[in-house]
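Engineer: From these two lone chains plus the hints, build me the complex, please.
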Amino acid sequence: MFLLPAAIFFIAFFILPMGRLFIVGGSGSRGWSAYAAILTDAVYFNALLATLGVAAATTVTTLLVSGVAGVFLQRHPFPGNRLLVSLLTLPLAFPGVVIGFMVIMLAGRQGLIGTLTQALGGDRLVFAYSLAGLFMGYVYFSIPRTLLTIMAAAEKLDPRLEEAARSLGASTWRVVRDVILPGLKPALISSGAICFATAVGAFGTAFTLATRIDVLPMVIYTEFTLSANIAMAAALSFVLGAVTWLVLALARSAAGSTVAAAG
Amino acid sequence: MNPVPLAIRLEGCARTFADGTRALEPLDLDIRAGETLVLLGPSGCGKTTTLRLIAGLERPDAGGRVLFDGEDVTARGIEARHVGMVFQSYALFPNMTVAENIGYGLRIRKLPIREQRARVGEMLAMMRLEALADRAVDQLSGGQRQRVALARALAVRPRALLLDEPLTALDAQLRDTLRMEINLLLRGLGITAIYVTHDQAEAMALGDRIVVMAHGRVAQVGTPRDIYHRPASAFVADFIGTMNRVRGSETADGFACAGGRLRLPPTGRGAAAVMFRPEDVRIAADDETADLAGTVTASFYLGDRTRLFVDIGDECPLTVESSARCTFRPGQAIRLNVQPDGLLVL
Ligand SMILES: Nc1ncnc2c1ncn2[C@@H]1O[C@H](COP(=O)(O)OP(=O)(O)OP(=O)(O)O)[C@@H](O)[C@H]1O
Ligand SMILES: [Mg+2]
Numbered sequence: 111m112f113l114l115p116a117a118i119f120f121i122a123f124f125i126l127p128m129g130r131l132f133i134v135g136g137s138g139s140r141g142w143s144a145y146a147a148i149l150t151d152a153v154y155f156n157a158l159l160a161t162l163g164v165a166a167a168t169t170v171t172t173l174l175v176s177g178v179a180g181v182f183l184q185r186h187p188f189p190g191n192r193l194l195v196s197l198l199t200l201p202l203a204f205p206g207v208v209i210g211f212m213v214i215m216l217a218g219r220q221g222l223i224g225t226l227t228q229a230l231g232g233d234r235l236v237f238a239y240s241l242a243g244l245f246m247g248y249v250y251f252s253i254p255r256t257l258l259t260i261m262a263a264a265e266k267l268d269p270r271l272e273e274a275a276r277s278l279g280a281s282t283w284r285v286v287r288d289v290i291l292p293g294l295k296p297a298l299i300s301s302g303a304i305c306f307a308t309a310v311g312a313f314g315t316a317f318t319l320a321t322r323i324d325v326l327p328m329v330i331y332t333e334f335t336l337s338a339n340i341a342m343a344a345a346l347s348f349v350l351g352a353v354t355w356l357v358l359a360l361a362r363s364a365a366g367s368t369v370a371a372a373g
Numbered sequence: 090m091n092p093v094p095l096a097i098r099l100e101g102c103a104r105t106f107a108d109g110t111r112a113l114e115p116l117d118l119d120i121r122a123g124e125t126l127v128l129l130g131p132s133g134c135g136k137t138t139t140l141r142l143i144a145g146l147e148r149p150d151a152g153g154r155v156l157f158d159g160e161d162v163t164a165r166g167i168e169a170r171h172v173g174m175v176f177q178s179y180a181l182f183p184n185m186t187v188a189e190n191i192g193y194g195l196r197i198r199k200l201p202i203r204e205q206r207a208r209v210g211e212m213l214a215m216m217r218l219e220a221l222a223d224r225a226v227d228q229l230s231g232g233q234r235q236r237v238a239l240a241r242a243l244a245v246r247p248r249a250l251l252l253d254e255p256l257t258a259l260d261a262q263l264r265d266t267l268r269m270e271i272n273l274l275l276r277g278l279g280i281t282a283i284y285v286t287h288d289q290a291e292a293m294a295l296g297d298r299i300v301v302m303a304h305g306r307v308a309q310v311g312t313p314r315d316i317y318h319r320p321a322s323a324f325v326a327d328f329i330g331t332m333n334r335v336r337g338s339e340t341a342d343g344f345a346c347a348g349g350r351l352r353l354p355p356t357g358r359g360a361a362a363v364m365f366r367p368e369d370v371r372i373a374a375d376d377e378t379a380d381l382a383g384t385v386t387a388s389f390y391l392g393d394r395t396r397l398f399v400d401i402g403d404e405c406p407l408t409v410e411s412s413a414r415c416t417f418r419p420g421q422a423i424r425l426n427v428q429p430d431g432l433l434v435l
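Chains as they are written, first to last, in my numbering: chain H, 111 to 373; chain A, 90 to 435.
Isolated chain A, as found in the complex (with noise of 0.2 Å):
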């Protein structure tokens, strides 16, 4: 029933706007079919620009190429690449209801009423607006309006689903559903999709893969266990999640620092640095065979958990967890283990 997913190619990817901005340094880049790829990264890093180039309302400066299934699509414009767009603003069109807004590209492509019918049908079920087909756009709410731009752009069966921070304007509740719906729709369709977000819990929950961004250029490409474990660099290790960095010297049997010493397994550089998750830290019931001493500065009760801070005598406080129930007072000593194979040298 669906086409078969497509395979994006970019290479050689640059855009430089009138102004002289240049927003995207030339970018190479892999998208399988059929996977979900999220583009992750701080404001203005350029994702916005890179899914427009991919959706062909950018072109890219000259010696850039856009290939969907090794074919250079680079000169053709949106109209005839056959892609979905969901945009953040929804943008659907005012002066049509729900139903014709779903149908639109239908009409556009001039299938026969019948089809039409059964395929907005479809859609509407699909996203389960049945009850608001006949309603105009302004009287939905947010999340109602993003289940329409969703079920306009897929009514088309487009070859790929392009979607630019599609969940930014909901509140928080919403979009956890709603990112859960997405997820489990891409899934069962099996289309290739590329996701902009610059939340990393969005992007961890969705993408199959992603892509970090950093002033027009890609920090690392991974699957979200790669990107969160295995950051290739300082950037990307302190924009997603939370990131320890303890500093000190190498030694024979470890790793020594302020505070104590860490079990870190010999590196063969002699690191300088190491960084650690909270995750990654236990608190220390011997005080003997402890890694690490500090003082608690700070005690955040987060419900679930209590996110503390600890002074081990180093620049940055450590962030730890500890399960909710234990209560730490500022001032107090405390003992902390770090994981070995939580330890990461850059």
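Only chain H is shown next, with the shape it has when bound in the complex (with noise of 0.2 Å):
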């Protein structure tokens, strides 16, 4: 009884509308081949894979940043700290495009990065209209989340768990490694799915950058409005939604497992 209002929803916005994405999929002038294309047609299936590349990179390169930030700026109080984390999470707040524009201001044509290089006498380097420039804004706008996610777990890490394993002999390198990171492990897992998940779908800063960018959000943005094929977005739309779910599901699960195991 009490779960029919969660059902309702899950059945309104997730098992219907995948559903009909799913028919609407097969019902283009390939039929169900759509499907198979994705993984046959070289566009679709580079576009895929530089899509969940630069999701996986824009999560560990998110976990190790913020990990280690996380921790220390949790367990050193030096003046400015509350000061420096409030900075480091404004982008909390920022729309995609605005990510995407701040990637341009420091990596495009006229950007800060290539004047500096060109200053230092090599060439101007560009690459905000790329994979590179998309992935710094994904980091960029990933890290806050999961910056405060983590601070607040290493709050909750008992400094006397650290001190065990020192009065056994644990050096610095086998606390983190024993202590630090099983203890973290739910908060890295459960904030990395997040990421790699928000990292998949973006849209606002990769159709900010775009030219270059082939990743799948892109990809069925211009087969929906350009090519008009709708089947094919939705083919493509259901594959993005399918291997995001999937990826939050196998992260909950591990999160799961783990928090049985350390209780």
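Keep in mind the hints are simulated off the structure, nothing from the lab. The beta-carbon is built from N, C-alpha and C at its ideal position, and this holds for glycine as well. Hints are not guaranteed to be accurate.
What the hints assert, rightly or not - These stretches of chain H come out as covered by chain A in the derived footprint (C-beta under 8 Å, 3 or more residues):
id: 1; region: 178-185
id: 2; region: 216-229
Claimed, not checked - With the Cβ distance kept under 8 Å, some of the chain A side facing chain H (calculated, not the full set):
id: 3; residue: Leu146
id: 4; residue: Gly173
id: 5; residue: Met174
id: 6; residue: Phe182
id: 7; residue: Asn184
id: 8; residue: Tyr193
id: 9; residue: Ile197
id: 10; residue: Pro201
Structural biologist: Structure (structure tokens):
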């Protein structure tokens, strides 16, 4: 009974649209082979790979950066700590388009990095409109959320556990490996999953940087608006949704089992 | 099998925290090889800080030194001091089983696998934990966790064992049992042990010597007997057990006070107050020769004995204990004898 509202929500916003999307995906000129085309057609397949690759790279980088920074900021209350945290978490409120423009400001044709590399006697370095630019935008976009999650988790780590490990002879690296990482694992997995899913689907940033980027959300947009190939767009959307869902589900079960093991 | 016990020495160890809190005044302390030393004192007196200085989890302020067998280890971190720690919260690794917890220090030391197994088995047997070897630590009771924590600390054969209120989180009955077990264990191993507690009964039962601390200073160091029967200050006397205090003046033949006269042997310094413990008071049968006369104000039946409060006309009522079979009513007149050798003048 109590699950009824959740069930209605789930059916209305997940099962129905996904089902419809799945059917539309198979109703175009190619029929059901639209799904096969995602794997066989180089354009689609490369876009899928690029999307997953950028998302994976974003996730790993974000977790590394905010993992190290989060634990450090939580541990060391130096003056200006609070200010730094609020600056770092500022992009939380930015829309993807704004992030896109910030990347252009930094690494675009008139960007800071270009000017700097030129001044140093090299070529004007421009990567805003490539996968590297997108990657930078996503990392910038994902760090705030992850940082906050990890700081909250780091606060709950029991310092006595680290002291116990050290008393048994553990080096700093062993303490990180045996105590801190296991303690942060649930937070790392859950924020990593959200980071991955966001990077797979984010459109605003990709759209702003557009020209040379073929990630799935862009391909879907192009198929839909420019080629009016609604079936292919639907098939791609379905696969994108399914992959995202799969990653979230895997992460959830991994986090669940570690939570169960860690009690 | 066990390493030679360690003698520990603190020289002028003070500790001031970053926020300016002076947790410890300069402290000198000698801990003999193989003894169990108990740090006892009220909350906030600096017991944990002292223990953490010895462990290497805190550094003393400039000028303080920590010596292990005469060797200066002040600059050495806990990783390199080779001491075992047992925390009040147990601090077991939640991502490891009981056996993995116990073997952690052995894995760090990269002992051969066969020896690791043998040692973990030995510790499991010693702590009667064999049946729980593969349990997750969150499936253990408090007493079992405490035994795992002890086993983990002892598995690496540390030079000294440091325990910070290891029994405080347990219920009274379990505390008594474990206290006995720990006592036997420490004596069997002959290891130098430093045990922090604020429970005086625990301190009495476990300590070869007790260090009573107050406000970041040592108030007295001595055997449990010394501390109980020859307290060095009014603070120690009041903190350990129950102490009666009677005001009056020393006379040629004793100590005159409200309610009568105590048979105080001459002190030669004109005592103005005398202290004695409840167990040194006898309820007098013969009214004529009794030391003190008073009135019962309250009586508490404790099962094995009865505790009485007796008003003799002084500021505080006396605490007196009698066998459980006698009954007293409030308002009843009572006469008391106090053993002369139980009288203390500070
Ligand atoms: N990290 C710290 N920063 C500032 N002050 C501290 C710190 N740790 C302890 N203190 C202060 O130092 C004093 C001694 O603390 P300590 O923990 O040694 O007391 P304790 O005798 O172990 O007390 P308890 O029985 O409550 O555990 C206390 O006043 C405490 O508030
Ligand atoms: Mg303490």
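Engineer: Determine for every hint whether it applies to the structure shown.
Structural biologist: Consistency of the hints with the structure:
Remark: the region 178-185 of chain H is not confirmed as covered by chain A, as 0 of its residues place a Cβ nearer than 8 Å to a Cβ of that chain, below the required three. Coverage of the region 216-229 of chain H by chain A is violated [criterion: at least 3 residues with CB-CB distance below 8 Å; count 0]. Taking 8 Å as the C-beta cut-off, the interface hint given for Leu146(A) holds, the closest approach to chain H being about 6 Å. Evaluation of the Gly173(A) hint against chain H yields a held restraint, the C-beta minimum of about 7 Å falling below 8 Å.
Because the beta carbon of Met174(A) sits about 4 Å from the nearest beta carbon in chain H, less than 8 Å, this interface hint is met. Residue-level restraint check for Phe182(A) holds (minimum Cβ-Cβ distance to chain H is 6 Å; threshold 8 Å). Taken as an interface hint, Asn184(A) checks out: its beta carbon lies about 4 Å from the nearest beta carbon of chain H, inside 8 Å. A distance limit of 8 Å between C-beta atoms decides the matter here; for Tyr193(A) the minimum to chain H is near 6 Å, and the interface restraint holds.
With a cut of 8 Å, the hint placing Ile197(A) at the interface with chain H holds, because the nearest CB-to-CB distance is about 4 Å. About 16 Å separates the beta-carbon of Pro201(A) from the nearest beta-carbon of chain H, more than 8 Å, and the hint is not met.
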